[in-house]
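K.L.:
These are the residues of each chain, in order.
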Amino acid sequence: MRFFEYESRAVVAKAGIPVTKHGFAKSVEEARDIAADIGGPVVIKSQVLTGGRMKAGGVQFADNPEEAEAKAAQVLSLEINGHMPRGVLVDSKADVAHEYYAGVVWDGIRKRPVMLFSDMGGIDIEQVAEEHPGHVARAHFSTRLPFEDWQAKQLVSTLGITGSALNRLTPILARLARLFLTYDMTLAEINPLGELTDGSFIALDAHMDMENEARPRQKALLTELGVGDEETRQAREATPFELAGEEVDAQDHRGVAGNVTEFDGNLGLVIGAGGGSLTLFDAVRAHGGDPANYCEIGGNPSVRKACGLAKLVLQKPGVDKIAVMMSIVSNTRVDIVARGVIKACVELGYDPAEKIAIFRIPGAWEEEGFKILEKYGVEYADRSVSLNEAARRAVEKIQGAPS
Amino acid sequence: MSILIDETTTFIVQGITGREAVNLTRECLDYGRGARIVGGVTPGRLGRDVHGVPVFDTVQQAVEHNGGPIDGSVVTVPPAFTKDAVLEALDNDVKLIVIVTERIPRRDVAEMVEVATERGARIIGPNCLGIIVPDVVKMGGIGGPAKNAAQAYAPGYVGVISRSGGMTTEMSSTLKAAGLGQSTAVSIGGDAIIGSSYAELMPLFEADGVTQAIVIYTEPGGRMEAELARYVTETDSTMPIVAFMAGRFMDEMPGMSFGHAGTIVEGKADTATEKIARLADAGIVVAEDIADIPDIVKEKVAARV
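Protein sequences, first through last, are from chains H and Z.
Counting in my numbering, the first sequence runs from 1 upward without gaps.
Counting in my numbering, the second sequence runs from 1 upward without gaps.
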């Protein structure tokens, strides 16, 4: 879950890392007041959960409160990559002598967090690592033992940094490592980390990403930041269709019939499970099909949920047919899914044989499931038909269908 | 032969009184030669039994009742309690832990792995269905009820490693239909950090007398495939490997996760396209269709001899 910059800064400040004087404004008046309070030149930064702010014009400079108000008006009305800003961050302009980078991420191979430090801040760390590998230092650390200051000191010193810079950077990096663990972050980055002309260090910008799975135990921090449970903070905001999918899944706690993602094709997909859905979605597209959605069924959902999901997909504008396909199931019951999707067709006044392009779910209770499908004249397939072949048949059927 | 488990393996089920765990216990007892489940643990339920398996409050009680060390544990407790359960098992000298639970934060997984490594123990998962040695034994929900598992798996020379539990069964079933059985199939889990990766299981399969080829199921997200490619190159491994990559469409949607928590693409190296290239560079065939896998396996095995 991504944080806005103003939230990331609050987290950094809470961890005891100095930040520039700043404020978050939702209106031009607030922006003006913050600028007046800061005094002197300020930077107005769009608060959006997407990159490329600078290029898009989402970062503006102002010399006085009046100008700050005018620039804030511009930035607040500027859409960036389909995102409207939540507000603006009004930041004081610091007297920066040099920019560094400090960040912590997970290393899935070493299965440990890794701290990255560079004396070339302000640009993307992946780019620095590629073009100037000698300017990036790395150190893995334990999740069992407390992070000690010497670990940060040792890391910084490997880039040849000494003197007061070393001693001032050490606690900042150590605090960053600790906050990464304390708050279950998947990314904690200060970039740039500015060295000011007076020799002090300050976080000029920060990016934080919290693990979704940790949200329940990070309630205190999230409440403090004002982040509600309803804010999913996905790469793009959920559409009404996707929200309706979540509602279907939340009807009861039996299994999953959800994780719906909207696409704009004509073939509705009622697919599962996790890996099966990925495989099937690829297969439909490889055969020239145009999926209306992605979704996942698994863990033996109720008839009600399977029916709800099928109805949602069937009613999506532009959907001509649905394909009901899963990899071999062992705890989801084939007959329950069959019942659910047929019920959906019948209740919406459709002929299941016409609307269901293919039903390919082999596994537990398949005989019972296939019997039901046969009764309604729905084309079905067992495990002898591959996922790829089932997808091909579904695409073939819909492309021959009158639109 | 097999890797990780065989018919002599003893294990417990932590969280045994939960609905899924009760089913899983039944399945494992029924499958193959019958799993040696020597106990279950659910705090506060001492003295009960699940399908004849005695329930204890602690792992220590289970070990005492067993009269000696227990080889493994299947952990099915809720995510907030998983780390504690795993640390308890590790402290009681359990050496193989299959974590079924999903939605465990990475910090907890990293801690469990760190302790397991110190103790010379191995973790499979989290977010996995476990391990199956066809017709012999299964440890976890893999393949489902004994009847269904028997339908999809058969003994043979292919080792299967998969990030998706369901696809472990789908691919094994495809192999079986083509006359190829499995030495051991391992569902390694769909999370960003897991106890055992492809590369970490490779030496076990290479040391196994029966295994002659490996089939893997992969997805976008993470660097595990790159790690495998590096392993193959660096060790000059001659074991034929055939891979299937699902979720190619995700390359167009960075920052979104589909299917499993671990699929989120966080960098260029995480994409399907990049992974396919790396695997291919290491001589690993990436099949376009699962149905093509059996023929590729047979060809590669024949070419090796």
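Heads up, some of the hints might be wrong.
To be verified - Partial pick of chain H residues on the chain Z-facing surface, computed with a CB cut under 7 Å:
hint	residue
1	D184
2	E213
3	A214
4	A235
5	G276
6	T279
7	F281
8	R285
9	S327
10	I328
11	K343
12	A364
13	N388
14	R392
In short, the hints are calculated from the structure, not lab data.
Note that CB positions come from ideal geometry on N, CA and C, so glycine has one too.
K.L.:
For which of the previously enumerated hints does the structure constitute a violation, in increasing order of number?
P.N.:
Those not satisfied are hints 11 and 14.
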